[in-house]
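> Residues per chain are reported as follows:
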Amino acid sequence: MASGKTVAVVLVVLAIVAVAALAITLKKPSKVQPQQPIQTPKKKVRVAVIFDIGGRGDLSFNDMAWLGAERAKKELNVEVTYVQSRTPADYRPNLESLSKSGKYDLIICVGFLMTNDLKKVAAEYPNQKYAIIDSVVDLPNVRSVVFKENEGSALVGALAGFVTKTNKVGVVLGMEIPVLYHFEAGFYWGVNYAHNITGKDVKITYKYTGSFTDAALGKQVAEGMLAQGADVLYNVAGLTGKGMLDAVYEYDKNKKLEMGPPFAIGVDSDQDWIHPGYIIASMMKRVDNGVFYSIRDVVYGNFTGGVMALGLKEGGVKMSDEKDLEQFIEIAKELGAKLPDTPENIVKKYKEMRASIPDWVWKDLKELEQKIKSGEIKVPTANTPEKIKKIREKYGATGA
Amino acid sequence: MDTSMLFILLQAPLYLGTLRLMVPITLPAIGEIITERSGVVNIGLEGIIMLGALASVYVGYFTGSLLLALLAGILAGVCVGILHGIISVYLGGDQIIVGVGVNVFAYGLGVITLYLSWGTFANSPLIPDSARVPDLHGISPFVVLTFMSGVTAWYLLERTSIGLRLKAVGENPKAADAAGINVFRTRFVATVIGAVFAALGGTFLGLDWLASYTRDISAGRGFIALAMVVFSKWNPILAILSGLLFGFFFALSLTIPSGIIPDQLVWSLPYAATLLVAAGFFTKTRAPAAIGKPYRRE
Chain A
1 MASGKTVAVV LVVLAIVAVA ALAITLKKPS KVQPQQPIQT PKKKVRVAVI
51 FDIGGRGDLS FNDMAWLGAE RAKKELNVEV TYVQSRTPAD YRPNLESLSK
101 SGKYDLIICV GFLMTNDLKK VAAEYPNQKY AIIDSVVDLP NVRSVVFKEN
151 EGSALVGALA GFVTKTNKVG VVLGMEIPVL YHFEAGFYWG VNYAHNITGK
201 DVKITYKYTG SFTDAALGKQ VAEGMLAQGA DVLYNVAGLT GKGMLDAVYE
251 YDKNKKLEMG PPFAIGVDSD QDWIHPGYII ASMMKRVDNG VFYSIRDVVY
301 GNFTGGVMAL GLKEGGVKMS DEKDLEQFIE IAKELGAKLP DTPENIVKKY
351 KEMRASIPDW VWKDLKELEQ KIKSGEIKVP TANTPEKIKK IREKYGATGA
Chain B
1 MDTSMLFILL QAPLYLGTLR LMVPITLPAI GEIITERSGV VNIGLEGIIM
51 LGALASVYVG YFTGSLLLAL LAGILAGVCV GILHGIISVY LGGDQIIVGV
101 GVNVFAYGLG VITLYLSWGT FANSPLIPDS ARVPDLHGIS PFVVLTFMSG
151 VTAWYLLERT SIGLRLKAVG ENPKAADAAG INVFRTRFVA TVIGAVFAAL
201 GGTFLGLDWL ASYTRDISAG RGFIALAMVV FSKWNPILAI LSGLLFGFFF
251 ALSLTIPSGI IPDQLVWSLP YAATLLVAAG FFTKTRAPAA IGKPYRRE
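Line by line, the protein sequences are chains A and B. Residues in the first sequence are numbered consecutively from 1, following the numbering used here. Residues in the second sequence are numbered consecutively from 1, following the numbering used here.
Some hints could be false.
[Claimed, not checked] Reference listing, derived: stretches of chain A covered by chain B, where coverage requires no fewer than 3 residues with Cβ under 8 Å from a Cβ of chain B:
(1) 65 to 77
(2) 238 to 248
(3) 329 to 337
(4) 344 to 354
(5) 392 to 398
[Unchecked claim] Below, a list of computed lysine to aspartate or glutamate pairs in the EDC-like style, where the Cα atoms sit at most 20 Å apart:
(6) A:Lys338 x B:Asp135
(7) A:Lys313 x A:Glu376
(8) A:Lys256 x B:Asp129
(9) A:Lys119 x A:Asp90
(10) A:Lys371 x A:Asp359
(11) A:Lys43 x A:Glu70
(12) A:Lys349 x A:Glu330
(13) A:Lys255 x B:Glu158
(14) A:Lys371 x A:Asp321
(15) A:Lys323 x A:Glu386
(16) A:Lys74 x A:Glu334
(17) A:Lys165 x A:Glu250
(18) A:Lys348 x A:Asp364
(19) A:Lys255 x B:Asp208
(20) A:Lys256 x B:Glu158
(21) A:Lys73 x A:Glu330
(22) B:Lys293 x B:Asp208
(23) A:Lys253 x B:Glu158
(24) A:Lys338 x A:Asp201
(25) A:Lys255 x B:Asp129
(26) A:Lys349 x A:Glu376
(27) A:Lys253 x B:Asp177
(28) A:Lys253 x B:Asp135
(29) A:Lys363 x A:Asp324
(30) B:Lys233 x B:Glu158
(31) A:Lys103 x A:Glu70
(32) A:Lys165 x A:Glu176
[Claimed, not checked] Only some residues are given here: those of chain A computed to face chain B with a beta carbon under 7 Å:
(33) Asp58
(34) Leu59
(35) Thr87
(36) Asp90
(37) Pro93
(38) Tyr208
(39) Pro358
Hints were generated in silico from the structure; no laboratory data involved. Where is the CB? At the ideal position from N, CA and C, for every residue including glycine.
Using the sequences and the hints given, assemble the complete structure.
Right, dumping it as structure tokens:
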């Protein structure tokens, strides 16, 4: 019986840690903007990147972070090294030994799971500069890089509103934590934006699955939505959403459709290559830019602590395009990941899919992007259950 | 709202979902009932589900053969069963520790295999269609297998001399030994059979439901199965019923869209319903007397 308890305790602790860590990504107002270079660098800057568990090969956060570091190496002539973390227990010693060595001008922590360890270590080494991705550590020597997911979600939401033929779209979500409200708010706003242009009344169904790792649940929920006629589904559920992507793909294939609709929309990294022709776009979080900007600010002496919130304008989020697709095919190839088809065929199918959508849709989305970038349009967001409830009501995301 | 709830109750995915959600928890639970009735506890179900899924997806992906993939899944169960059996039955080791070890090992092996075979830590690609379990009129053969396994296991346990001997070993191994029953061999075989059922649950996830391997594919289903063993009073027929009950409310919780009823309430439905039923009908639960105790001849 003791073992049952132990297991339960371990599970509860893990759940609490996950929720707490994710909750920490709850953002404060932006304080820092990435600085354009004004001076020339003086000495060779050294940067260390600490990967999250998973490390290189996750085809998502960690690989994108490394992409940013490699770009800095090429363009800014800095030295970059990385450290893997096999378990969360490695974060602290990794941070300590890198900080103690004093060799690095900047230490970058990839992922919110390192938040607590960084808080402690960064306080111990006030002269060491740090950056953390997707989380906020409120210390003067830590740059916190976060993303405006609502802006990117607005674009894919508008896209969903434009391309739906059944006038039903769905959102498959992971655990209910504030950071997912950003995705929700932006997406609903975007669907409504499309409604204002096309006049179509689009019904939005959303579903929290309570998990970021159970692909089986994502598949079950997505199949339910498809059966009820939804023809664009948005993945906001990490690995759970992989099941959603597969569900859309299999649904289309069983109906002998060469491409969607029904379409899926990917998240975080460019997921368009996973099922070419069926994933219309991805809401990308450009971790690479967050890393690159942080390094650049150190190189040019512009580094300060505080929150750097990256939206569309700053290149922190974006709707995926062909260039992203090609880049991700490259990353996948480099890592030995299995592609569903030859790179040429993937790009060809992708182009056919995009060409099947009327030109005015892409044009309008470009315009919308520009307007959000220029500040002419402000996309709403939410950080609390009360706020997101109001936004859901306003844009007709009723659930049923 | 009333009409929308009615609408949900009339949806086919709800009932297909019930069956689908039932299989990967009920198969391991049936296996564990057999194991526990012989006096051995295997809390490594979670890990065995993963290993069954991993082995079957790996072989299915690279050979494209459903038969080989199924055999690989079963073989994974046999291997863990033998390991667990040797340590906990013949060497008299701590059964809980073996189970925990299997869980930790399986997760790690899954991640390493994903990376070495498919270059990512997240999930494998989909297996070829030829390696997928075909539907029988929209229902997976695994559903049929689950029902048949439950009934067969019940018959074996309650109506045959083999079952009588197995239960004797689990209740009073000393007396069973004196009566000429080979306690070690009985427990060993029961452990291997239990592990194979758990692996089959994983094989269903890998070759049928997901058609791929995902990191953490079992997602706690092994622990739910362990709880079901107790709810079902170590009775395979009741295991099927509680599997159906749990599966139905789980499917319902996934079918009700967010925003109608608070999600936290919806998610607790399967657990609350199972608890209520267990408290109301499945009274007087008693575990096999010699459960978890290694047998040593004096």
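> All the hints need checking, so say for each whether the structure fits it.
Status of the hints after comparison with the structure:
Coverage of the segment 65 to 77 of chain A by chain B is violated [criterion: at least 3 residues with CB-CB distance below 8 Å; count 0]. Check on the segment 238 to 248 of chain A: 4 of its residues sit with their Cβ under 8 Å from a Cβ of chain B, so the three-residue criterion for coverage holds. With 4 residues having a beta carbon nearer than 8 Å to a beta carbon of chain B, the segment 329 to 337 of chain A meets the requirement of three or more and the stated coverage holds. Against chain B, the segment 344 to 354 of chain A contributes 0 residues with a C-beta closer than 8 Å to a partner C-beta. That does not satisfy the three-residue criterion, and the hint is violated.
With a threshold of 8 Å between beta carbons, the proposed coverage of the segment 392 to 398 of chain A by chain B holds, since 3 of its residues qualify and at least three are required. Taking the CA atoms of A:Lys338 and B:Asp135, the gap is near 27 Å; set against the 20 Å cutoff, the hint is violated. For a cut-off of 20 Å, the pair hint linking A:Lys313 to A:Glu376 stands: about 12 Å separates their Cα positions. Among the hinted pairs, A:Lys256 with B:Asp129 is consistent with the structure: their alpha-carbon atoms are about 14 Å apart, no more than 20 Å.
The straight-line distance between the Cα atoms of A:Lys119 and A:Asp90 is roughly 15 Å, inside the 20 Å bound, and the hint therefore holds. About 19 Å separates the Cα atoms of A:Lys371 and A:Asp359, which keeps this hinted pair within 20 Å; it holds. Restraint check for A:Lys43 and A:Glu70: the C-alpha separation of about 18 Å stays at or below 20 Å, so the hint holds. For a cut-off of 20 Å, the pair hint linking A:Lys349 to A:Glu330 stands: about 17 Å separates their Cα positions.
The suggested pairing of A:Lys255 with B:Glu158 is violated, with an alpha-carbon distance near 47 Å, which exceeds 20 Å. Restraint check for A:Lys371 and A:Asp321: satisfied, since their Cα atoms lie roughly 18 Å apart, inside the 20 Å limit. Our distance criterion of 20 Å between C-alpha atoms is broken by A:Lys323 and A:Glu386, whose separation comes to about 39 Å. Using a Cα cut-off of 20 Å, the hinted pair A:Lys74 and A:Glu334 holds, with the two alpha carbons roughly 18 Å apart.
Simply put, A:Lys165 and A:Glu250 have alpha-carbon atoms about 19 Å apart, close enough for the 20 Å limit, and the pair holds. Under the criterion of a C-alpha separation no larger than 20 Å, the hint pairing A:Lys348 with A:Asp364 is inconsistent with the structure, at around 23 Å. For the proposed pair A:Lys255 and B:Asp208, the alpha carbon gap of about 19 Å is at most 20 Å, so the pair holds. The straight-line distance between the Cα atoms of A:Lys256 and B:Glu158 is roughly 49 Å, outside the 20 Å bound, and the hint therefore fails.
The hinted pair formed by A:Lys73 and A:Glu330 meets the criterion: a straight-line CA distance of about 19 Å does not exceed 20 Å. Of the pairs offered as hints, the one joining B:Lys293 and B:Asp208 is violated, with about 37 Å between alpha carbons and a cut-off of 20 Å exceeded. About 47 Å separates the Cα atoms of A:Lys253 and B:Glu158, which puts this hinted pair outside 20 Å; it is violated. Only pairs whose Cα atoms come within 20 Å are accepted, and A:Lys338 paired with A:Asp201 is rejected, the gap being roughly 40 Å.
Only pairs whose Cα atoms come within 20 Å are accepted, and A:Lys255 paired with B:Asp129 is accepted, the gap being roughly 15 Å. Taken as a hint, the A:Lys349 and A:Glu376 pair is broken in the structure, with Cα atoms around 35 Å apart against an allowance of 20 Å. Only pairs whose Cα atoms come within 20 Å are accepted, and A:Lys253 paired with B:Asp177 is rejected, the gap being roughly 59 Å. Distance hint between A:Lys253 and B:Asp135 is fulfilled; the C-alpha atoms sit about 16 Å from each other, no more than 20 Å.
Straight-line distance between C-alpha atoms of A:Lys363 and A:Asp324 comes to about 19 Å, which keeps the hinted pair within the 20 Å bound. Among the hinted pairs, B:Lys233 with B:Glu158 is consistent with the structure: their alpha-carbon atoms are about 13 Å apart, no more than 20 Å. Taken as a hint, the A:Lys103 and A:Glu70 pair is honoured in the structure, with Cα atoms around 19 Å apart against an allowance of 20 Å. Proximity of A:Lys165 to A:Glu176 is assessed by CA-CA distance (about 29 Å); at most 20 Å being required, the pair is judged violated.
Below 7 Å, beta-carbon pairs count as interface contacts, and A:Asp58 has one with chain B at about 5 Å; its hint therefore holds. Checking A:Leu59 against chain B by beta carbon gives a least distance of about 5 Å; that is within 7 Å, so the hint holds. With a cut of 7 Å, the hint placing A:Thr87 at the interface with chain B is violated, because the nearest CB-to-CB distance is about 10 Å. Given the 7 Å rule on beta carbons, the hint for A:Asp90 is violated: about 15 Å separates it from the nearest Cβ of chain B.
Annotation: interface hint on A:Pro93 violated; nearest CB of chain B at approximately 20 Å, more than 7 Å. Taking 7 Å as the C-beta contact cut-off toward chain B, the hint placing A:Tyr208 at the interface holds, the least distance being around 5 Å. The interface hint given for A:Pro358 is broken, as the beta carbon of that residue sits about 30 Å from the closest beta carbon of chain B, more than 7 Å.
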